[in-house]
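Chains as they are written, first to last, in our numbering: chain A, 1 to 383; chain B, 1001 to 1166.
Treat the hints as calculated values from the structure; they're not laboratory data.
Treat the hints with care, as some may be off.
Dumping the calculated SDA-like pairs for lysine to any residue here, alpha-carbon to alpha-carbon at most 25 Å [claimed, not checked]:
#1 A/K203 <-> B/Q1072
#2 B/K1029 <-> A/T184
#3 B/K1047 <-> A/D114
#4 A/K54 <-> A/L235
#5 A/K146 <-> A/D114
Simulated coverage check for chain B against chain A, where a stretch passes if three residues somewhere in it have a Cβ under 8 Å from a Cβ of chain A [claimed, not checked]:
#6 1013–1026
#7 1132–1140
Residues on chain B that point at chain A, a partial pick, calculated with CB under 7 Å [what the hints assert, rightly or not]:
#8 W1002
#9 N1006
#10 F1008
#11 S1009
#12 Y1030
#13 W1032
#14 P1034
#15 L1082
#16 A1085
Think of the CB as a built atom: it goes at the ideal place given N, C-alpha and C, for glycine as much as any other residue.
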Amino acid sequence: MRKKNIFNFFLGGLFILVSMNNMNGQENEHNDEAEEHGQEAHATAEEDGAVNTKEGIKEFVDHHLKDSHYFSFFADGEAGEHFGFPLPVILWDNGLKVFSASEFHYGEELAEIDGTHYKLYHTKIYKTDAEGTITYDERGFPANEKPLDFSITKNVIAMLTASLLLFLFFWGLARNYKKSKIPTGFGRILEPLVIYVRDDIAKPNIGPKYKKYMSLLLTVFFFILLLNLFGLTPLGINVTGNIAVTFGLALITFLIVQFSGNKHYWKHIFWMPGVPVPMKIVLMPIEILGMFTKPFALMIRLFANMTAGHVVVMSLLGLIFIFQNWIAGPTFFLFTIFISVIELLVAFLQAYIFTLLSALYIGMAVEDHADHPDDHSDDLPVV
Amino acid sequence: MWKLINDFSFGLFFWQIAILIVLILLLKKYAWGPILNSLNSREEGIKDALESAEKARIEMQNLKADNEKLLQDARAERDAILREAREMKEKVITDASEEAQKKADKIVAQAKESINLEKQAAMTELKNQVANLSIEIAEKVIRKELSDKKEQHAMIEKMIGNAKLN
């Protein structure tokens, strides 16, 4: 048991957060059985909190992928101890309610704020009655009312940290240039990346108007890159694998593209030049759909790639705890290292692709078609 | 799909947008603007430096060509001067030897002439002395035989005139 404990510690410490609900090892949480025996399962899981079953690991991975109201570094499932700190919860529910996530006691207790009961259930906060009953809708999701949750969650902390770091890095680089024309120290790593974004992403895809969009592209590139890299640290952060974050990023690209679109761009969407009239009518809905599929693809691509990477790494590590022998341990450990190195590449690649495609879409919106009115080769399909 | 929608957190979305927009604005003002400006000015500087280096290189080449030409001219001039000097030297030597020859010839000619003259004078004197001697001898001879000196002298004169010297 001690060995298991150490491994458990290692798993949490090496890769990702062990948030409290993972430990409970709840199965089939969405069916009636779970509803009926929820408390029972809860109790069983607490007795045997180690993550060494298929379901336990599935739960663990599932919860790692989600946001959290705690910043946990690791947890001891068997002892039910968590090492980390609770984060502030900010709810908008008939007025602003701010309290610490410690009120939830890692989901074990209800938080009673101003006479309303809140339950932390699978990292989401629901309004419940005094007993903490959760009802489910026909799809198996909790049907309880959700207050608007503006909590400073782990992902928000990660984004703030990343922003602060980015600001310090590039503010430092900017000040560096005042002293000398050639950057020193860490700036030598950052400068080629900045030049790369400018010369290989912005300039060829946007064209002569690229300067206006440099701030957006550079910020988005480094923001995604740093958060992707954060995801590879043992802190258990999965920001770019969160659909809300990638939605926000894609939405900004979408809005920028629509607001920079010139008349050629809109003409290409609503009345495609150079094709017969029936084709114009057929193409119109396709092009309008294309306006939305492009940023949608951006959102899904980043989300899916990062999520997949985390799932693979976590699952491989989980296999160590399922087999628990001296052959599986080192083998899957090496596999995990191998996949982690690939993930490092993916971290750069996804940041690059997101920025590149954003630049491409912006380029399509601002391109001057005067020189080649019949050339539509730039209307690339969604990659 | 429904799981994704259920997982969607509006709060996180809100914070993400807020953080990203603030970050873009902050970085634009404090980082990207100055960085891109510095990069641009540095690149301009490098371009200018390269261009001026190229210009300097061409100038150097021209200068080198000029120098080469000057050197060649100088060498040619030196050669010309040397050749002239050599010619002059030879001419001087030739002239001098010719002059000397002429002078020598002249001296020889003069010497010959004076020798001739001396010889002639000596001849004449000798002739006269021989004549006087002959006359004296003849006078002494003839005095014994002839009384008329004048007649005898004419006869001797005539005899000497017939007798060709040389």
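Hints, verified against the model:
1. A/K203 <-> B/Q1072: Measuring from Cα to Cα gives roughly 54 Å; hence the hint is violated.
2. B/K1029 <-> A/T184: holds (21 Å)
3. B/K1047 <-> A/D114: violated (68 Å)
4. A/K54 <-> A/L235: holds (23 Å)
5. A/K146 <-> A/D114: holds (16 Å)
6. 1013–1026: holds (count 12)
7. 1132–1140: violated (count 0)
8. W1002: holds (5 Å)
9. N1006: Status holds, d = 5 Å.
10. F1008: holds (5 Å)
11. S1009: Status holds, d = 5 Å.
12. Y1030: holds (5 Å)
13. W1032: It holds, given that the least Cβ distance between B/W1032 and chain A is near 5 Å, below 7 Å.
14. P1034: Status holds, d = 4 Å.
15. L1082: violated (57 Å)
16. A1085: At about 62 Å, which exceeds the 7 Å cut-off, the nearest Cβ of chain A leaves the hint on B/A1085 violated.
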